[in-house]
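S.K.: Be aware that the sequence shown starts at -16, since it is given in this note's numbering, and climbs by one per residue.
Don't read these hints as lab results, they were simulated from the structure. We put the beta carbon where it would ideally sit given N, CA and C, even for glycine. Watch out, some of these pointers could steer you wrong.
Under the rule of at most 20 angstroms between Cα atoms (straight-line distance), these lysine to aspartate or glutamate pairs were calculated in the DMTMM-like manner [to be verified]: (1) Lys178 with Glu244; (2) Lys26 with Glu78; (3) Lys217 with Asp196; (4) Lys340 with Glu360; (5) Lys337 with Glu311.
Restraint-style ranges between C-beta atoms, simulated for each label pair [said to hold, decoys possible]: (6) Ser19 with Arg167: 25 to 35 angstroms; (7) Ala62 with Pro253: 25 to 35 angstroms; (8) Lys505 with Thr124: 26 to 36 angstroms.
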Amino acid sequence: MENVSPVPSQDADILVSDQNNIVAALESMEARGDCSSLVEDRKTLMIALSNLHTRRNALAPVSRLSAELLSEVFLILTAYSCVSANHPGYITPAEARLSIETVCRHWRLVAFGCARLWSNIDFGFDPTSRVRESLERSHGTLLTVQANVSMHESVGENVLLVLPDHLFRTQCLDLGLTGNYYERLRSGLVAPAPKLEVLRLHCSNDTISLASDAFAAHIPCLRQLELVNCSIPKCSVMLRMQLTYLSVSDIPPELAFSVMEWLEVLAALPELQVLTIVSAFASTSQSVEKHLPSIHLPDLIAISLGGHMWNCTELLVQLTFPPTPCIEIDCVSLAMEQPMELTCLSILLETLGKLLKALPAGERLRALGVRWLSNTELVLQGSSDAEANLSPDTDSSPEFQLSFVPRSYVFPLLSAVLSAFPTSGISKLDISPPPCECDLPSPAHLLHMDDWPRLFRFFPAVTHLYRIRYDLVLCLLNLIEEDPTIFPALSTLGLVNTSFETPGVFDTLIRMLRSRQRPITKISLTFCTNVAARLSALRKTGVAIEWDGKARFERHSDEETRLRRIRFGYAIWV
(Lines of atoms letter the chains of each structure in order from A and count residues from 1; the text may use other names and numbers.)
(Lines give C-alpha, C1' and ligand atoms only; values in the text may rest on other atoms or scores of the structure.)
Protein backbone atom coordinates (compact mmCIF):
# COMPACT_ATOMS: atom_id res chain seq x y z
CA MET A 1 0.00 0.00 0.00
CA GLU A 2 1.17 3.47 -0.97
CA ASN A 3 1.86 5.75 1.93
CA VAL A 4 -0.46 8.82 1.31
CA SER A 5 -1.27 11.54 3.81
CA PRO A 6 -5.01 12.04 4.38
CA VAL A 7 -6.74 15.24 3.04
CA PRO A 8 -8.69 17.23 5.60
CA SER A 9 -12.46 17.31 4.92
CA GLN A 10 -12.55 21.13 4.50
CA ASP A 11 -9.87 21.05 1.84
CA ALA A 12 -11.74 18.27 0.08
CA ASP A 13 -14.91 20.35 -0.03
CA ILE A 14 -13.03 23.28 -1.53
CA LEU A 15 -11.51 21.07 -4.18
CA VAL A 16 -14.87 19.62 -5.17
CA SER A 17 -16.39 23.12 -5.30
CA ASP A 18 -13.60 24.36 -7.55
CA GLN A 19 -14.10 21.45 -9.88
CA ASN A 20 -17.86 22.10 -10.05
CA ASN A 21 -17.27 25.79 -10.81
CA ILE A 22 -14.86 24.88 -13.58
CA VAL A 23 -17.40 22.49 -15.12
CA ALA A 24 -20.21 25.10 -14.82
CA ALA A 25 -18.01 27.74 -16.39
CA LEU A 26 -17.16 25.45 -19.28
CA GLU A 27 -20.85 24.60 -19.80
CA SER A 28 -21.78 28.30 -19.63
CA MET A 29 -19.19 29.21 -22.24
CA GLU A 30 -20.51 26.47 -24.49
CA ALA A 31 -24.09 27.67 -23.95
CA ARG A 32 -23.13 31.24 -24.75
CA GLY A 33 -21.45 30.08 -27.87
CA ASP A 34 -24.56 28.16 -28.88
CA CYS A 35 -26.77 31.19 -28.01
CA SER A 36 -24.57 33.53 -30.00
CA SER A 37 -24.77 31.16 -32.90
CA LEU A 38 -28.57 31.04 -32.59
CA VAL A 39 -28.75 34.84 -32.50
CA GLU A 40 -26.70 35.03 -35.67
CA ASP A 41 -28.92 32.42 -37.30
CA ARG A 42 -32.01 34.36 -36.23
CA LYS A 43 -30.63 37.58 -37.72
CA THR A 44 -29.96 35.80 -40.99
CA LEU A 45 -33.48 34.37 -41.07
CA MET A 46 -35.05 37.74 -40.18
CA ILE A 47 -33.14 39.45 -42.97
CA ALA A 48 -34.22 36.76 -45.39
CA LEU A 49 -37.83 37.01 -44.21
CA SER A 50 -37.74 40.80 -44.50
CA ASN A 51 -36.40 40.50 -48.03
CA LEU A 52 -39.20 38.09 -48.89
CA HIS A 53 -41.78 40.53 -47.47
CA THR A 54 -40.19 43.35 -49.43
CA ARG A 55 -40.31 41.33 -52.66
CA ARG A 56 -43.92 40.36 -51.97
CA ASN A 57 -44.92 43.96 -51.16
CA ALA A 58 -43.23 45.11 -54.34
CA LEU A 59 -45.82 43.10 -56.30
CA ALA A 60 -48.75 44.91 -54.62
CA PRO A 61 -50.53 47.53 -56.81
CA VAL A 62 -49.79 50.37 -54.35
CA SER A 63 -46.06 49.60 -54.56
CA ARG A 64 -46.11 50.21 -58.28
CA LEU A 65 -46.88 53.88 -57.69
CA SER A 66 -43.99 56.21 -58.18
CA ALA A 67 -42.61 58.08 -55.20
CA GLU A 68 -44.14 61.28 -56.59
CA LEU A 69 -47.66 59.79 -56.78
CA LEU A 70 -47.32 58.18 -53.36
CA SER A 71 -46.27 61.54 -51.94
CA GLU A 72 -49.42 63.13 -53.39
CA VAL A 73 -51.52 60.42 -51.71
CA PHE A 74 -49.81 61.19 -48.41
CA LEU A 75 -50.45 64.90 -48.87
CA ILE A 76 -54.16 64.27 -49.47
CA LEU A 77 -54.27 62.16 -46.31
CA THR A 78 -52.61 64.82 -44.19
CA ALA A 79 -54.94 67.46 -45.64
CA TYR A 80 -57.80 65.77 -43.77
CA SER A 81 -56.01 66.50 -40.51
CA CYS A 82 -56.43 70.22 -41.22
CA VAL A 83 -60.21 70.22 -41.75
CA SER A 84 -62.84 70.74 -39.07
CA ALA A 85 -63.17 67.96 -36.50
CA ASN A 86 -66.83 67.64 -37.57
CA HIS A 87 -65.81 66.75 -41.13
CA PRO A 88 -66.55 63.05 -41.90
CA GLY A 89 -63.03 62.53 -43.24
CA TYR A 90 -61.20 64.18 -40.34
CA ILE A 91 -58.23 62.36 -38.82
CA THR A 92 -55.88 63.64 -36.16
CA PRO A 93 -52.35 64.64 -37.21
CA ALA A 94 -51.01 61.79 -35.06
CA GLU A 95 -53.16 59.26 -36.96
CA ALA A 96 -51.98 60.67 -40.27
CA ARG A 97 -48.34 60.34 -39.25
CA LEU A 98 -48.91 56.82 -37.92
CA SER A 99 -50.47 55.75 -41.23
CA ILE A 100 -47.54 57.09 -43.22
CA GLU A 101 -44.46 56.45 -41.11
CA THR A 102 -45.10 53.04 -39.53
CA VAL A 103 -46.60 50.91 -42.30
CA CYS A 104 -43.43 49.91 -44.13
CA ARG A 105 -39.88 51.02 -44.83
CA HIS A 106 -40.71 52.06 -48.39
CA TRP A 107 -43.51 54.39 -47.27
CA ARG A 108 -41.34 55.84 -44.54
CA LEU A 109 -38.49 56.56 -46.95
CA VAL A 110 -40.89 58.23 -49.39
CA ALA A 111 -42.36 60.31 -46.53
CA PHE A 112 -38.91 61.40 -45.36
CA GLY A 113 -38.13 62.58 -48.87
CA CYS A 114 -41.34 64.64 -49.29
CA ALA A 115 -40.61 68.12 -47.95
CA ARG A 116 -44.19 69.35 -48.38
CA LEU A 117 -45.42 66.55 -46.14
CA TRP A 118 -43.32 67.84 -43.26
CA SER A 119 -44.59 71.39 -43.65
CA ASN A 120 -47.89 70.27 -42.06
CA ILE A 121 -46.89 70.87 -38.43
CA ASP A 122 -49.24 70.55 -35.46
CA PHE A 123 -47.89 73.37 -33.30
CA GLY A 124 -50.56 72.79 -30.68
CA PHE A 125 -49.75 69.15 -29.83
CA ASP A 126 -46.39 68.22 -31.35
CA PRO A 127 -43.45 68.23 -28.92
CA THR A 128 -40.76 70.79 -29.58
CA SER A 129 -38.36 68.10 -30.86
CA ARG A 130 -40.93 67.02 -33.43
CA VAL A 131 -41.50 70.61 -34.57
CA ARG A 132 -37.76 71.15 -34.91
CA GLU A 133 -37.43 67.93 -36.95
CA SER A 134 -40.35 68.94 -39.19
CA LEU A 135 -38.83 72.35 -39.84
CA GLU A 136 -35.57 70.70 -40.90
CA ARG A 137 -37.18 68.06 -43.13
CA SER A 138 -39.55 70.57 -44.77
CA HIS A 139 -36.53 72.44 -46.17
CA GLY A 140 -37.75 75.54 -48.00
CA THR A 141 -41.41 74.62 -48.50
CA LEU A 142 -44.17 77.03 -47.50
CA LEU A 143 -45.42 76.74 -43.92
CA THR A 144 -48.84 77.06 -42.31
CA VAL A 145 -48.48 78.19 -38.70
CA GLN A 146 -51.78 77.70 -36.87
CA ALA A 147 -51.85 77.55 -33.07
CA ASN A 148 -53.57 78.83 -29.96
CA VAL A 149 -50.50 80.17 -28.19
CA SER A 150 -52.38 80.82 -24.95
CA MET A 151 -53.37 77.14 -24.64
CA HIS A 152 -50.02 75.94 -23.22
CA GLU A 153 -46.53 77.31 -22.78
CA SER A 154 -45.08 74.64 -25.08
CA VAL A 155 -47.23 75.93 -27.93
CA GLY A 156 -45.59 79.33 -27.63
CA GLU A 157 -42.17 77.67 -27.65
CA ASN A 158 -43.09 75.83 -30.84
CA VAL A 159 -44.20 79.04 -32.55
CA LEU A 160 -41.00 80.79 -31.49
CA LEU A 161 -39.08 78.16 -33.47
CA VAL A 162 -40.68 79.62 -36.60
CA LEU A 163 -40.48 83.31 -35.71
CA PRO A 164 -38.45 84.96 -37.06
CA ASP A 165 -36.10 82.38 -38.68
CA HIS A 166 -38.75 80.72 -40.85
CA LEU A 167 -41.07 83.69 -41.31
CA PHE A 168 -39.70 84.21 -44.82
CA ARG A 169 -41.43 80.98 -45.97
CA THR A 170 -44.60 81.20 -43.88
CA GLN A 171 -47.72 81.27 -46.06
CA CYS A 172 -50.39 81.35 -43.33
CA LEU A 173 -49.97 82.72 -39.79
CA ASP A 174 -53.03 82.02 -37.64
CA LEU A 175 -52.49 82.68 -33.93
CA GLY A 176 -54.79 82.82 -30.93
CA LEU A 177 -52.98 84.62 -28.14
CA THR A 178 -53.13 86.81 -25.07
CA GLY A 179 -51.53 90.18 -24.49
CA ASN A 180 -48.67 88.66 -22.49
CA TYR A 181 -47.83 86.10 -25.15
CA TYR A 182 -47.94 88.75 -27.83
CA GLU A 183 -45.19 90.67 -26.04
CA ARG A 184 -43.04 87.54 -26.24
CA LEU A 185 -43.82 87.02 -29.92
CA ARG A 186 -43.50 90.67 -30.93
CA SER A 187 -39.76 90.39 -31.59
CA GLY A 188 -40.44 87.50 -33.96
CA LEU A 189 -42.74 89.59 -36.15
CA VAL A 190 -40.12 92.06 -37.30
CA ALA A 191 -38.67 89.92 -40.09
CA PRO A 192 -39.96 90.27 -43.68
CA ALA A 193 -42.75 87.89 -44.72
CA PRO A 194 -42.55 87.84 -48.52
CA LYS A 195 -44.71 84.68 -48.87
CA LEU A 196 -47.38 85.44 -46.26
CA GLU A 197 -50.87 85.31 -47.79
CA VAL A 198 -53.11 84.82 -44.72
CA LEU A 199 -52.71 86.61 -41.38
CA ARG A 200 -55.14 85.92 -38.51
CA LEU A 201 -54.53 87.27 -35.02
CA HIS A 202 -57.09 86.70 -32.27
CA CYS A 203 -56.36 88.14 -28.83
CA SER A 204 -58.58 86.78 -26.08
CA ASN A 205 -58.08 89.39 -23.35
CA ASP A 206 -56.22 92.70 -23.69
CA THR A 207 -56.30 94.54 -26.99
CA ILE A 208 -52.95 94.30 -28.75
CA SER A 209 -51.58 96.82 -31.23
CA LEU A 210 -49.66 95.85 -34.32
CA ALA A 211 -46.72 98.12 -35.04
CA SER A 212 -46.68 99.97 -38.35
CA ASP A 213 -43.36 98.29 -39.20
CA ALA A 214 -44.53 94.74 -38.43
CA PHE A 215 -43.02 92.20 -40.82
CA ALA A 216 -40.49 94.89 -41.74
CA ALA A 217 -43.27 96.49 -43.80
CA HIS A 218 -42.57 93.81 -46.41
CA ILE A 219 -45.61 91.61 -46.88
CA PRO A 220 -46.39 91.87 -50.62
CA CYS A 221 -48.47 88.68 -51.01
CA LEU A 222 -50.98 89.32 -48.20
CA ARG A 223 -54.53 88.59 -49.39
CA GLN A 224 -56.46 87.75 -46.22
CA LEU A 225 -56.29 89.80 -43.00
CA GLU A 226 -58.37 88.91 -39.94
CA LEU A 227 -57.92 90.76 -36.65
CA VAL A 228 -59.90 90.20 -33.45
CA ASN A 229 -59.18 92.52 -30.51
CA CYS A 230 -56.10 93.64 -32.39
CA SER A 231 -55.71 97.22 -33.60
CA ILE A 232 -53.66 98.30 -36.57
CA PRO A 233 -52.40 101.74 -37.64
CA LYS A 234 -54.17 103.28 -40.60
CA CYS A 235 -50.77 103.82 -42.23
CA SER A 236 -49.88 100.13 -41.99
CA VAL A 237 -48.67 98.59 -45.22
CA MET A 238 -51.02 95.65 -44.55
CA LEU A 239 -53.95 97.93 -45.40
CA ARG A 240 -52.38 99.05 -48.64
CA MET A 241 -52.01 95.66 -50.27
CA GLN A 242 -54.32 93.89 -52.68
CA LEU A 243 -56.45 92.36 -49.95
CA THR A 244 -59.38 90.20 -50.99
CA TYR A 245 -60.55 89.44 -47.43
CA LEU A 246 -60.61 91.93 -44.54
CA SER A 247 -62.14 91.23 -41.13
CA VAL A 248 -61.68 93.49 -38.10
CA SER A 249 -63.72 93.10 -34.92
CA ASP A 250 -63.82 93.91 -31.22
CA ILE A 251 -61.64 97.01 -31.23
CA PRO A 252 -62.13 99.58 -28.42
CA PRO A 253 -63.53 102.90 -29.74
CA GLU A 254 -60.39 104.80 -28.74
CA LEU A 255 -58.27 102.54 -31.00
CA ALA A 256 -60.76 101.94 -33.82
CA PHE A 257 -61.29 103.87 -37.07
CA SER A 258 -64.06 106.35 -37.71
CA VAL A 259 -66.37 105.82 -40.68
CA MET A 260 -64.35 108.37 -42.66
CA GLU A 261 -61.11 106.51 -41.89
CA TRP A 262 -62.66 103.20 -42.86
CA LEU A 263 -63.70 104.66 -46.20
CA GLU A 264 -60.13 105.85 -46.77
CA VAL A 265 -58.88 102.34 -46.03
CA LEU A 266 -61.41 100.71 -48.34
CA ALA A 267 -60.56 103.12 -51.14
CA ALA A 268 -57.11 101.48 -51.27
CA LEU A 269 -58.58 97.96 -51.52
CA PRO A 270 -60.26 97.72 -54.94
CA GLU A 271 -59.96 93.91 -55.11
CA LEU A 272 -61.77 93.30 -51.82
CA GLN A 273 -64.26 90.41 -51.95
CA VAL A 274 -65.22 89.90 -48.29
CA LEU A 275 -65.53 92.71 -45.73
CA THR A 276 -66.30 92.34 -42.02
CA ILE A 277 -66.27 95.27 -39.58
CA VAL A 278 -67.91 94.42 -36.25
CA SER A 279 -67.59 96.55 -33.11
CA ALA A 280 -64.67 98.40 -34.66
CA PHE A 281 -65.95 101.96 -35.07
CA ALA A 282 -64.38 104.91 -33.28
CA SER A 283 -67.44 106.91 -32.39
CA THR A 284 -71.15 107.22 -32.94
CA SER A 285 -72.48 110.16 -34.88
CA GLN A 286 -76.09 111.19 -34.77
CA SER A 287 -76.60 111.77 -38.47
CA VAL A 288 -75.72 110.23 -41.78
CA GLU A 289 -73.06 112.47 -43.27
CA LYS A 290 -73.59 113.65 -46.83
CA HIS A 291 -70.01 114.74 -47.56
CA LEU A 292 -68.41 111.31 -47.19
CA PRO A 293 -66.76 109.87 -50.31
CA SER A 294 -68.41 107.08 -52.27
CA ILE A 295 -66.28 103.95 -52.59
CA HIS A 296 -66.78 101.37 -55.33
CA LEU A 297 -65.85 97.75 -54.59
CA PRO A 298 -66.45 95.91 -57.87
CA ASP A 299 -65.53 92.43 -56.59
CA LEU A 300 -67.31 92.47 -53.21
CA ILE A 301 -69.48 89.38 -52.67
CA ALA A 302 -70.07 89.46 -48.88
CA ILE A 303 -70.28 92.23 -46.29
CA SER A 304 -70.85 92.12 -42.53
CA LEU A 305 -71.21 95.23 -40.37
CA GLY A 306 -71.87 95.39 -36.65
CA GLY A 307 -72.14 98.26 -34.21
CA HIS A 308 -74.37 101.25 -33.70
CA MET A 309 -76.93 101.68 -36.46
CA TRP A 310 -75.55 105.12 -37.36
CA ASN A 311 -72.09 103.76 -38.11
CA CYS A 312 -73.36 100.76 -40.06
CA THR A 313 -75.69 102.92 -42.11
CA GLU A 314 -73.09 105.61 -42.82
CA LEU A 315 -70.60 103.09 -44.13
CA LEU A 316 -73.08 101.01 -46.11
CA VAL A 317 -74.60 104.03 -47.84
CA GLN A 318 -71.20 105.14 -49.14
CA LEU A 319 -70.30 101.75 -50.60
CA THR A 320 -71.31 100.59 -54.04
CA PHE A 321 -70.87 96.96 -55.02
CA PRO A 322 -72.61 94.30 -57.13
CA PRO A 323 -75.91 92.97 -55.72
CA THR A 324 -75.31 90.11 -53.29
CA PRO A 325 -77.50 88.22 -50.81
CA CYS A 326 -74.52 87.77 -48.45
CA ILE A 327 -75.19 90.76 -46.20
CA GLU A 328 -75.13 90.82 -42.41
CA ILE A 329 -76.01 93.92 -40.39
CA ASP A 330 -76.05 93.80 -36.60
CA CYS A 331 -77.36 96.98 -34.97
CA VAL A 332 -76.64 96.92 -31.25
CA SER A 333 -79.22 99.50 -30.22
CA LEU A 334 -82.31 101.06 -31.66
CA ALA A 335 -84.60 103.54 -29.93
CA MET A 336 -87.54 103.88 -32.29
CA GLU A 337 -89.16 106.52 -30.13
CA GLN A 338 -86.49 108.96 -31.31
CA PRO A 339 -87.17 110.57 -34.72
CA MET A 340 -83.50 110.59 -35.72
CA GLU A 341 -83.26 106.85 -35.07
CA LEU A 342 -86.25 106.32 -37.33
CA THR A 343 -84.62 108.43 -40.03
CA CYS A 344 -81.47 106.35 -39.85
CA LEU A 345 -83.50 103.12 -39.91
CA SER A 346 -85.36 104.32 -42.98
CA ILE A 347 -82.09 105.05 -44.82
CA LEU A 348 -80.65 101.66 -43.84
CA LEU A 349 -83.72 99.70 -44.92
CA GLU A 350 -83.99 101.62 -48.18
CA THR A 351 -80.36 100.80 -49.00
CA LEU A 352 -80.77 97.13 -48.13
CA GLY A 353 -84.03 96.92 -50.04
CA LYS A 354 -82.40 98.25 -53.21
CA LEU A 355 -79.60 95.70 -52.91
CA LEU A 356 -82.00 92.79 -52.43
CA LYS A 357 -84.36 93.88 -55.20
CA ALA A 358 -81.45 94.16 -57.63
CA LEU A 359 -80.48 90.51 -57.16
CA PRO A 360 -80.84 88.15 -60.12
CA ALA A 361 -83.92 85.94 -59.96
CA GLY A 362 -81.93 82.87 -58.88
CA GLU A 363 -80.30 84.68 -55.94
CA ARG A 364 -83.33 86.38 -54.41
CA LEU A 365 -84.49 85.42 -50.94
CA ARG A 366 -86.71 82.34 -50.94
CA ALA A 367 -86.61 81.51 -47.22
CA LEU A 368 -86.96 83.93 -44.31
CA GLY A 369 -86.60 83.34 -40.59
CA VAL A 370 -87.93 85.74 -37.96
CA ARG A 371 -86.28 85.03 -34.62
CA TRP A 372 -86.46 86.52 -31.16
CA LEU A 373 -83.19 85.67 -29.43
CA SER A 374 -84.54 87.39 -26.35
CA ASN A 375 -87.31 89.81 -25.50
CA THR A 376 -85.10 92.65 -26.71
CA GLU A 377 -83.35 91.24 -29.78
CA LEU A 378 -84.95 90.65 -33.16
CA VAL A 379 -83.16 88.79 -35.97
CA LEU A 380 -84.24 88.30 -39.57
CA GLN A 381 -82.39 85.66 -41.59
CA GLY A 382 -82.77 84.91 -45.26
CA SER A 383 -81.52 82.46 -47.86
CA SER A 384 -81.84 82.05 -51.60
CA ASP A 385 -82.37 78.32 -50.99
CA ALA A 386 -86.04 77.61 -50.43
CA GLU A 387 -85.13 74.46 -48.47
CA ALA A 388 -82.69 76.21 -46.11
CA ASN A 389 -83.01 75.39 -42.42
CA LEU A 390 -83.21 78.70 -40.56
CA SER A 391 -84.22 77.36 -37.17
CA PRO A 392 -82.07 78.44 -34.18
CA ASP A 393 -80.93 74.86 -33.42
CA THR A 394 -78.95 74.52 -36.63
CA ASP A 395 -75.31 75.41 -37.25
CA SER A 396 -75.89 76.54 -40.82
CA SER A 397 -75.19 80.20 -41.59
CA PRO A 398 -77.78 82.17 -43.54
CA GLU A 399 -76.77 84.30 -46.48
CA PHE A 400 -78.64 87.35 -45.24
CA GLN A 401 -79.00 88.49 -41.63
CA LEU A 402 -80.35 91.67 -40.10
CA SER A 403 -80.54 92.04 -36.32
CA PHE A 404 -81.78 94.78 -34.03
CA VAL A 405 -82.16 95.45 -30.33
CA PRO A 406 -85.43 97.39 -30.60
CA ARG A 407 -86.31 97.60 -26.88
CA SER A 408 -89.96 97.86 -27.90
CA TYR A 409 -92.13 98.77 -30.91
CA VAL A 410 -91.58 95.40 -32.57
CA PHE A 411 -94.48 95.67 -34.99
CA PRO A 412 -93.45 99.03 -36.53
CA LEU A 413 -89.91 97.68 -36.92
CA LEU A 414 -91.01 94.43 -38.57
CA SER A 415 -93.49 96.26 -40.75
CA ALA A 416 -90.83 98.73 -41.90
CA VAL A 417 -88.37 95.93 -42.72
CA LEU A 418 -90.89 93.84 -44.64
CA SER A 419 -92.18 96.87 -46.53
CA ALA A 420 -88.67 97.66 -47.76
CA PHE A 421 -87.69 94.10 -48.68
CA PRO A 422 -88.88 91.97 -51.62
CA THR A 423 -91.00 89.38 -49.78
CA SER A 424 -93.40 88.33 -52.53
CA GLY A 425 -91.12 85.48 -53.65
CA ILE A 426 -90.51 83.95 -50.21
CA SER A 427 -91.86 80.40 -50.06
CA LYS A 428 -90.63 79.34 -46.62
CA LEU A 429 -91.26 81.32 -43.43
CA ASP A 430 -89.81 80.28 -40.08
CA ILE A 431 -91.11 82.16 -37.04
CA SER A 432 -88.74 80.81 -34.41
CA PRO A 433 -89.09 81.16 -30.65
CA PRO A 434 -86.04 81.53 -28.43
CA PRO A 435 -83.74 78.46 -28.32
CA CYS A 436 -85.08 77.35 -24.92
CA GLU A 437 -88.03 75.00 -25.43
CA CYS A 438 -89.40 75.52 -21.93
CA ASP A 439 -92.98 76.64 -21.54
CA LEU A 440 -91.94 80.25 -21.05
CA PRO A 441 -93.87 82.93 -22.94
CA SER A 442 -92.16 83.66 -26.23
CA PRO A 443 -91.53 87.25 -27.32
CA ALA A 444 -94.47 86.88 -29.69
CA HIS A 445 -96.44 88.77 -27.04
CA LEU A 446 -94.53 91.87 -28.11
CA LEU A 447 -96.82 91.90 -31.13
CA HIS A 448 -100.50 92.54 -30.62
CA MET A 449 -102.63 89.80 -32.15
CA ASP A 450 -104.20 92.35 -34.50
CA ASP A 451 -100.74 93.08 -35.94
CA TRP A 452 -100.07 89.56 -37.18
CA PRO A 453 -102.53 89.62 -40.13
CA ARG A 454 -100.84 92.72 -41.54
CA LEU A 455 -97.44 91.06 -41.29
CA PHE A 456 -98.59 87.76 -42.76
CA ARG A 457 -99.96 89.49 -45.86
CA PHE A 458 -96.39 90.32 -46.88
CA PHE A 459 -95.96 86.64 -47.79
CA PRO A 460 -98.46 85.61 -50.47
CA ALA A 461 -96.22 82.83 -51.86
CA VAL A 462 -95.36 81.03 -48.61
CA THR A 463 -95.87 77.26 -48.91
CA HIS A 464 -93.98 76.18 -45.75
CA LEU A 465 -94.70 77.85 -42.39
CA TYR A 466 -92.68 76.56 -39.45
CA ARG A 467 -92.17 76.74 -35.69
CA ILE A 468 -95.46 78.35 -34.70
CA ARG A 469 -95.57 78.34 -30.90
CA TYR A 470 -98.50 77.76 -28.60
CA ASP A 471 -99.01 81.47 -27.89
CA LEU A 472 -99.53 82.17 -31.60
CA VAL A 473 -101.17 78.93 -32.79
CA LEU A 474 -104.80 79.76 -32.07
CA CYS A 475 -104.51 83.25 -33.56
CA LEU A 476 -102.86 81.89 -36.71
CA LEU A 477 -105.37 79.06 -37.21
CA ASN A 478 -108.29 81.47 -36.88
CA LEU A 479 -106.68 83.89 -39.35
CA ILE A 480 -106.07 81.21 -41.97
CA GLU A 481 -109.60 79.85 -41.55
CA GLU A 482 -111.32 83.25 -41.73
CA ASP A 483 -109.16 85.06 -44.31
CA PRO A 484 -108.26 83.15 -47.49
CA THR A 485 -105.79 85.90 -48.48
CA ILE A 486 -103.42 84.89 -45.66
CA PHE A 487 -100.98 82.23 -46.87
CA PRO A 488 -103.13 81.13 -49.80
CA ALA A 489 -100.40 78.77 -51.08
CA LEU A 490 -99.64 77.13 -47.72
CA SER A 491 -99.03 73.36 -47.90
CA THR A 492 -96.88 72.58 -44.83
CA LEU A 493 -97.43 73.81 -41.27
CA GLY A 494 -95.09 73.29 -38.30
CA LEU A 495 -96.24 73.67 -34.68
CA VAL A 496 -93.96 73.86 -31.62
CA ASN A 497 -94.68 73.50 -27.87
CA THR A 498 -98.42 73.28 -28.40
CA SER A 499 -100.83 71.37 -26.17
CA PHE A 500 -103.79 69.91 -28.03
CA GLU A 501 -105.79 70.09 -24.81
CA THR A 502 -105.71 73.89 -24.95
CA PRO A 503 -109.33 74.92 -25.53
CA GLY A 504 -110.08 75.55 -29.19
CA VAL A 505 -106.71 74.52 -30.65
CA PHE A 506 -107.61 71.06 -31.97
CA ASP A 507 -111.13 71.98 -33.13
CA THR A 508 -109.89 75.12 -34.90
CA LEU A 509 -107.11 73.11 -36.59
CA ILE A 510 -109.62 70.56 -37.92
CA ARG A 511 -111.96 73.29 -39.20
CA MET A 512 -109.09 75.14 -40.85
CA LEU A 513 -107.88 71.98 -42.62
CA ARG A 514 -111.36 71.24 -43.96
CA SER A 515 -112.06 74.80 -45.08
CA ARG A 516 -108.92 75.30 -47.17
CA GLN A 517 -109.43 75.68 -50.90
CA ARG A 518 -105.84 74.56 -51.40
CA PRO A 519 -105.32 71.72 -48.92
CA ILE A 520 -102.51 71.58 -46.41
CA THR A 521 -100.71 68.29 -47.04
CA LYS A 522 -98.34 68.05 -44.06
CA ILE A 523 -98.25 69.09 -40.40
CA SER A 524 -95.09 68.89 -38.31
CA LEU A 525 -95.44 68.62 -34.52
CA THR A 526 -92.39 69.33 -32.33
CA PHE A 527 -92.49 69.14 -28.51
CA CYS A 528 -96.29 69.08 -28.73
CA THR A 529 -98.36 67.38 -26.01
CA ASN A 530 -101.62 65.41 -25.90
CA VAL A 531 -101.21 64.34 -29.51
CA ALA A 532 -101.63 60.54 -29.48
CA ALA A 533 -105.39 60.47 -28.89
CA ARG A 534 -105.98 62.88 -31.77
CA LEU A 535 -103.73 61.38 -34.45
CA SER A 536 -106.47 59.38 -36.13
CA ALA A 537 -108.76 62.40 -36.38
CA LEU A 538 -105.97 64.46 -37.93
CA ARG A 539 -105.14 61.75 -40.45
CA LYS A 540 -108.77 61.50 -41.54
CA THR A 541 -108.42 64.99 -43.00
CA GLY A 542 -105.85 63.60 -45.46
CA VAL A 543 -102.90 65.35 -43.84
CA ALA A 544 -99.53 63.65 -43.32
CA ILE A 545 -98.45 63.99 -39.68
CA GLU A 546 -94.80 64.23 -38.68
CA TRP A 547 -94.64 63.93 -34.89
CA ASP A 548 -91.35 63.79 -32.97
CA GLY A 549 -93.05 61.94 -30.09
CA LYS A 550 -94.40 59.05 -32.17
CA ALA A 551 -91.42 56.70 -31.74
CA ARG A 552 -91.20 57.36 -28.02
CA PHE A 553 -94.95 56.95 -27.58
CA GLU A 554 -94.92 53.57 -29.33
CA ARG A 555 -92.19 52.26 -26.99
CA HIS A 556 -94.48 52.61 -23.97
CA SER A 557 -97.53 50.50 -23.26
CA ASP A 558 -100.81 52.11 -22.28
CA GLU A 559 -100.20 51.10 -18.65
CA GLU A 560 -96.74 52.69 -18.64
CA THR A 561 -98.17 55.85 -20.13
CA ARG A 562 -100.92 55.92 -17.50
CA LEU A 563 -98.38 55.50 -14.70
CA ARG A 564 -96.22 58.26 -16.12
CA ARG A 565 -99.21 60.58 -16.19
CA ILE A 566 -99.99 59.78 -12.57
CA ARG A 567 -96.39 60.26 -11.50
CA PHE A 568 -95.64 63.50 -13.31
CA GLY A 569 -99.13 64.96 -13.48
CA TYR A 570 -98.96 65.37 -17.23
CA ALA A 571 -97.71 63.55 -20.32
CA ILE A 572 -94.57 65.02 -21.79
CA TRP A 573 -94.96 63.44 -25.22
CA VAL A 574 -98.55 62.29 -25.41
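S.K.: Next, verify each hint and record whether it holds.
M.R.: Hint-by-hint comparison with the structure:
1. Between the alpha carbons of Lys178 and Glu244 the distance comes to roughly 28 angstroms, so the proposed pair goes past 20 angstroms and is violated.
2. Proposed proximity of Lys26 and Glu78 is contradicted: the alpha carbons are some 31 angstroms apart, above 20 angstroms.
3. Restraint check for Lys217 and Asp196: satisfied, since their Cα atoms lie roughly 12 angstroms apart, inside the 20 angstroms limit.
4. Annotation: proposed proximity of Lys340 to Glu360 is violated, straight-line Cα distance about 26 angstroms (limit 20 angstroms).
5. Only pairs whose Cα atoms come within 20 angstroms are accepted, and Lys337 paired with Glu311 is accepted, the gap being roughly 15 angstroms.
6. Taking 25 to 35 angstroms as the suggested C-beta distance range, the pair Ser19 and Arg167 does not conform, at roughly 56 angstroms.
7. Separation of Ala62 from Pro253 is about 32 angstroms and conforms to the stated range, judged on CB atoms against 25 to 35 angstroms.
8. The supplied range of 26 to 36 angstroms is broken by Lys505 and Thr124, whose beta-carbon atoms lie about 55 angstroms from each other.
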